[in-house]
Structures are given as C-alpha cells and as structure tokens.
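Sequence lines, in order, name chains A and B.
Residue numbers for the first sequence follow my numbering, so the first one is -8 and each next one is one higher.
Residue numbers for the second sequence follow my numbering, so the first one is 2 and each next one is one higher.
Treat the hints with caution; some may be incorrect.
To be verified - Pairs of lysine-lysine, PhoX-like flavour, derived with a Cα cap of 20 Å:
| no. | chain 1 | residue 1 | chain 2 | residue 2 |
| --- | --- | --- | --- | --- |
| 1 | B | K86 | B | K73 |
| 2 | B | K151 | A | K55 |
| 3 | B | K196 | B | K185 |
| 4 | A | K102 | A | K30 |
| 5 | B | K130 | B | K93 |
| 6 | B | K86 | A | K231 |
| 7 | A | K189 | A | K167 |
| 8 | A | K9 | A | K231 |
| 9 | B | K151 | A | K167 |
| 10 | B | K146 | A | K9 |
| 11 | B | K246 | B | K261 |
| 12 | B | K93 | B | K201 |
What the hints assert, rightly or not - Just a few of them, taken from the derived set where beta-carbon distance is under 8 Å, the chain B residues facing chain A:
| no. | residue |
| --- | --- |
| 13 | M105 |
| 14 | L121 |
| 15 | G122 |
Please keep in mind that the hints were generated in silico from the structure rather than gathered at the bench.
Think of the CB as a built atom: it goes at the ideal place given N, C-alpha and C, for glycine as much as any other residue.
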Amino acid sequence: MKDVTLGQYYPGESFTHKMDARAKLVLVIAFIVMVFLAKNFLSYIAVMLCVIGAVLVSRIPVSKMLKSIKAIIMILIFTGLLNLMFYNGETVYWSWWRFNVSLEGIIFSVKMVLRLVLLVMGTTLLTFTTTPTGITDGMESLMTPLKYIKVPVHDIAVIMSIALRFIPILSEEVDKIMMAQKARGASFDTGGLVSRAKALLPILIPLFVSAFRRADELAMALDARCYNATPNRTRYQVMKFGWRDLLGALGTAAFVVLVVALNNNFWGAYRAVESVWWLFAV
Amino acid sequence: MNDNARATQEAVITADGVSFSYRSGEYVSRGVREINLEVMRGEFLVILGRNGSGKSTLAKLLNGFLVPDTGKVTVLGTDTSDDDKVYEVRSKVGMVFQNPDNQMVASVIENDVAFGPENLGIPREEIEKRVTAALEIVGMSEYRKGSPNKLSGGQKQRIAIAAILAMLPEVVILDESTAMLDPKGRREIMETVLKLNREKGMTVVLITHYMDEAIEADRIFVMNDGEIVSSGAPREVFADAESLKAAGLELPAASRISLKLAEAGYDVPFAITDEELADSVCRLK
Ligand SMILES: Nc1ncnc2c1ncn2[C@@H]1O[C@H](COP(=O)(O)OP(=O)(O)O)[C@@H](O)[C@H]1O
Ligand SMILES: [Mg+2]
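Isolated chain A, as found in the complex:
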C-alpha cells in the first residue's frame, strides 16, 4: 500500500522538470498516440528509444522507473499469458484443449506487454517530473476553453488537486485500520472470495467514516482560505512556454514521424537491404 508511486513527484531540476506542465501533458498524449501507432518491432524500438531518451533527460533513477513497472507486474503477466494462450496464430508450437501457443501469439503478446510497459513509463515520467499542482494547473489551463460552455474548470482542478493530496493520506489510513483490525484478530488473506470480501467491510466502514469527517473539516478549511471569494482568482504558479518545451515538442514529433515511417517500411526504401527486411514484417 505504501508503494503508491503513481502521483508521487520526484523532486529535481532537470530539463523535464523545468518544462511547462501543459507542454508535458500534451506531449504525453502525443506519446500515448505514438505507442498505439507502433505496429512492428522496429517502431516499438523507436518508441523505446524515445522513452529511454526521456528518462535520461529527466534524470529519474532507473530503479524508480522500474518500481512503477513492478506495481503493474501482475497485470503484465496476466495480459501476456492470456494473449499467448488465446491468440489464433498459424504456426502452432503447442496446443492443449483450447490453448494454442503460436509464433504469432508470442509476437502479439510480447507487443502487448511492451505496449503497457511503455505506456506506464511514459505517463509516470509525467507524474515524476511534474508536481500534482503543476498537473492540475496545467489541466486547468488546457481546459480553459471549456469555461465558455459553463464547465467549472477551476473547481475540477481543485478537486483533482485535493484528490492527489489525499491519496497517500488515505492509503496510510487503510494501513492503520488494517493493523488495528488484525490486532483484533481479523484476517484478510485467508478463506474464499466471499469471506475475503466480507473481511474488507471492517476496513471500508471506518475508512468512509474518517473520509467524511476529513471532508467536513476540509470544507471548512477551504472556506477559511476564502475559496470562491472572487471570480478573478490569481495564479501563483506562472506557466510559460520556453525553449525546452519547443525542443521537447520537436523531439516527440520526430519520434512520431519515425514510428509512422517504420510502420510503413520507410515506404519501401529499406527493401534494398534484404538482410533486415524481415524485421519490418514482425
């Protein structure tokens, strides 16, 4: 429960840390599109190079990045196995009942797992290098046009900010409640599905009670800080596009072009080199 790396800022002064939050948000969306565009292994390698480059530039320790992968390891294994077993490939190596392990299946599941890993790495890079306040301010700024259709953009941003702030607090609280219930003899990891689900109830109820109490106090604290005092709220955090953002955008654009080019075999240009040709096929 302590390992909630998602949404945990890693302080630093790197190139990426200094980029504008809005630029990073847009680039992450571009990155996600890029991951879904990638078709063959060469384009996946290009996306990987993009991620590696981004990690190096942001100076986030590799161990920190790996931790975010560790958090989804079960999902990765599950996805990998399911795709491996159920893919209807032609070159079947092994078959039992409904399960077929085929060459195409292996390739497909490796790609799926790779895709998930790349997605998680790219997006956690955003949360590692951008403060939650930065992310919410950036989103608010990007959503500004929605104000004209009466979307309460600022309120949404404050809600997100508070949610991010309270995730670690509530997860710590879950730990405490679990410990207290264990001390009373509760057990959370034995018995069937139903009894395990039932065992969660003594955690959820105190958690909800405490969350509502917190919400009550928080609402008062917001009022005490004059929340909604004026529609002409000012901003402490200045956001400014700079050369870093331009460079980041150009870099990302270059990789998107590269991925598309690799997907399309450089429009036949590489056909000349027969020995690498097969790479484009997988």
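Model the placement of chain B with the ligands on the given structure of chain A, informed by the hints.
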C-alpha cells in the same frame, strides 16, 4: 510576563450578547449562550474549556462561519451577518483547525500557502512575497518546495498557520490546533504562536483544553456548557479553583504542586509556571 503592553484598547472583534444553537429538524442542541467578549488588537487571548463546552461554536461565530441567532458579532466594525462582507470577514479572521492534514489542499508547500492569497485575487508578485514572509515566520522556509506528506504533525500545523498568515489576517484563531500533536509538536506551535504575538504583534485567539497553554495569555475566558463562566488574567482565573473544577478543567502541574505544598504547611505561594514554583521551592528553608 503578562504585561498588557502589546494589547491595545482597540477591539478587533466584538461579540455582543451572542447566542447560537444548532438545529436539525426537531432536534435543537445548545451551542453557546449570551456570550459577551472583545478581542483587543495585539492581545493573546485564550479560550479554555472541556470538550463540548462550545469553544468551536464560538470560534465559528467570531469569523462568520456561523451567524448568531441573537446578538451581534462585529469584526473591525463589520457585522458578520452581512452577506456581502463574508469574505472580508474571513480573510481578516484567519482560522487554524485541529487536524493539520485536513487543511492542506496542495501537494507542494508553497502552493498550499499561496492558495488563500490566490483566492483573494492578490497579484502574483505580492503572493510570492507573502509566501516567503509567512514561511519565514513559522520557520519553514527551507521546506518551501517540499511535500507536506513527510512532515511531522507540528511542522504541518506550522504550514497551516503560514497558509493563514499569507492572507494577512488581523486576528488568528487556533481551534485546538495542538490537540492532535505530540508534546514536541505542541511546543513548536506554542512557540510559533508566542513569536507571532510578541514579535509580530498579531492578535491571537488560542482555543484549547490544556491549561498549561493558557499560562502566557494576556486574558483567559473559561467556557462551560456554552457559557463564559470566568475570565481574567491567568493568575486570577487559575486561583479560582472552584469554578475551574466546575468547568471540568485541571490546573497546570506547577499550580497543583504549589497548592499541595501550601496545604502541607510550606510557605509556597500559588504558582502557575514551573519556573515560579522552582523559585519559591528553592527559597524554602
Ligand atoms: N454541527 C453540529 N450540530 C449539532 N450540534 C453541534 C454541532 N457542533 C457542535 N454541536 C454541539 O454544540 C455543543 C458545543 O460544541 P463545540 O462548540 O464543538 O464544543 P467544543 O469545541 O468546545 O468541543 C456541543 O454540545 C455539541 O454537541
Ligand atoms: Mg472543538
């Protein structure tokens, strides 16, 4: 120690015959009754009372969160029941609550401190200055860019105080802001509060059920069952053992010991601080 030199004769907050009760449907629960008090500019006022004695209700009446059923509260001449002046009153009377975790809205300390001024529409450069000054006063400047999650309770509460100071209030009310802290955290907050009052001339209303936090006060109001049952300088209030007992409060250790010693026939005057007690015990033959 209790020189009223800082306290002026100008009332910042006035409560005049204020009563308030909570109503939900048929059920009415008594909040506070017939409260009369004035908070003077520059003074350190302590409101003492046990759980449920109406301290929080009074605090909320003083900053306009609640509006009296009868009577009137004015903040710098503004009636708190004036709907157009709600935010003016709130920004003038800053309130710090009990649980430090539930008062922070941002995940970076400087952004949290800036939240109040942002809401008030203060220009950016000015906010920057206020954040710097507020963190300086509470001694948390070096944590400016950090996250509040890893701080101790006392440190978090100091950030909460800074966040209120950044709105440049005239009065700071602390509603049991030490109640959830360990002894070290409590000491930190008391030191911060005293520094605020003594060095910065801030008017402070400290609400607590710990009598030892009231020792340094200029004036004390003792509450019980929604009413003010006694008031005055700490020495006067502490000496009235009967009414304190009736209000369910316990004297500070130094006072209790001095009383016991006097009872046992030693020549020890009534003491309210540890130093005083030590002094008079040392003087014994
Ligand atoms: N929101 C509320 N609704 C109903 N009754 C309340 C509410 N808040 C406080 N009270 C009642 O008002 C009285 C005073 O409470 P409070 O001002 O919170 O005391 P204190 O802060 O000294 O513990 C108590 O009897 C309490 O039960
Ligand atoms: Mg209270």
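Verification of the hints:
1. B:K86 to B:K73: holds, 15 Å
2. B:K151 to A:K55: It holds: about 18 Å lies between the C-alpha atoms, which stays within 20 Å.
3. B:K196 to B:K185: holds, 16 Å
4. A:K102 to A:K30: Holds, at roughly 9 Å.
5. B:K130 to B:K93: holds, 19 Å
6. B:K86 to A:K231: violated, 35 Å
7. A:K189 to A:K167: holds, 18 Å
8. A:K9 to A:K231: Answer holds: A:K9 to A:K231 is near 10 Å, not above 20 Å.
9. B:K151 to A:K167: holds, 17 Å
10. B:K146 to A:K9: Roughly 14 Å between the alpha carbons, so the hint for B:K146 and A:K9 holds.
11. B:K246 to B:K261: holds, 16 Å
12. B:K93 to B:K201: Holds - the C-alpha atoms of B:K201 and B:K93 are around 16 Å apart, at most 20 Å.
13. M105: Hint on B:M105: holds, closest Cβ of chain A at ~6 Å, below 8 Å.
14. L121: With Cβ-Cβ at 6 Å, under 8 Å, it holds.
15. G122: Since the shortest Cβ distance to chain A is 4 Å, the answer is holds.
Figure legend: structure checked against the earlier numbered hints; the only hint not met is number 6.
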